[in-house]
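**Q** Sequence:
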Amino acid sequence: MMRKLIVLLLLLHSTTEIVAAVTRGFHEETNLVDLGPTFGEVPREIEAAVGHTVILSCIVHNIGDRYVSWIRRSDHHVLTVNDFVFTTDQRITKQEPSPAKNVWNLVISNVRKSDGGEYECQVSTEPDIKNRITLKIIDIPVPEVEQADTPFVTTQIEGPREEVVKMGSVVTFHCSAVHRVNGSEGGRVMWLKDGRPIEKHENPRGGVSVYTEWKPHNVVSRLTLIASAPEDNGAYSCS
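Reading the sequence shown from the start, the letters are residues -20 to -1, 1 to 219 in mature numbering (1 follows the signal peptide of the UniProt record, and there is no 0).
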């Protein structure tokens, strides 16, 4: 009886090792699996007045070696693929990817009523994954006084509308602004918190920096907050 018991225990011990080895191998294999691209949060409906410039945003995480395309749904016209523009309409351009390299924006300047409809950001997975945005055009002309007030046609903070960060961490916001005149470097991007300008040199919290990069068609401004604190809570915007 003792001999049988010993054999049984040895068998159980061996079986446990086999199961543990198989389980460990499964977890190692799972860690190697490519989770694939996913879309970040962006506005699904955008409203713009006739004559304005509008930016359609597409955020793609884990893009890898895939490419991103913008397609106009009304006629299934491929407008852009990565850095290439496939339309003779000079009002339509792609915006340079943000420093994070995961934001792919489509820019339509001097919008018309006919520009309204659905636009699709598509990633070349198998099968393709798609994110649609509806553009609504309002027939309201752009006031001339507004054109004189700023060197930019439109400004927009890239990424999700709400962001939760850990206290003490570094927070960076990216603002894209489209020039009223291509190639112009006049004016500057102004950052605001709760509607009030952020003056980096006069801010009592310290640790605030602004870096602005001028490009042929747009400006990218970066606001960085070092060692974020509760007083940094608020609504941020750029103009």
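Just so you know, the hints here were simulated from the structure itself, not pulled from any lab data. Some hints here could point you the wrong way.
[Stated by the list, open to error] Derived pair list, reagent style DSBU-like, types lysine-lysine, alpha-carbon separation capped at 35 Å:
#1 Lys93 / Lys146
#2 Lys195 / Lys116
#3 Lys74 / Lys173
#4 Lys110 / Lys74
#5 Lys93 / Lys195
#6 Lys93 / Lys74
#7 Lys116 / Lys74
#8 Lys195 / Lys173
#9 Lys146 / Lys195
#10 Lys173 / Lys146
#11 Lys173 / Lys110
[To be verified] Just the calculated beta-carbon pair ranges, DEER-fashion:
#12 Pro23 / His56: 16 to 24 Å
#13 Val151 / Phe66: 16 to 24 Å
#14 Arg176 / Phe66: 40 to 48 Å
#15 Arg176 / Ile206: 18 to 26 Å
#16 Glu98 / Ala29: 15 to 23 Å
#17 Val58 / Thr18: 19 to 27 Å
Model, not experiment: these values are computed from the prediction. Built from N, CA and C at the ideal position, the CB exists for glycine as well.
**Q** State the violated hints by number, sorted upward, taking the hints as numbered earlier in the document.
**A** 1 and 13
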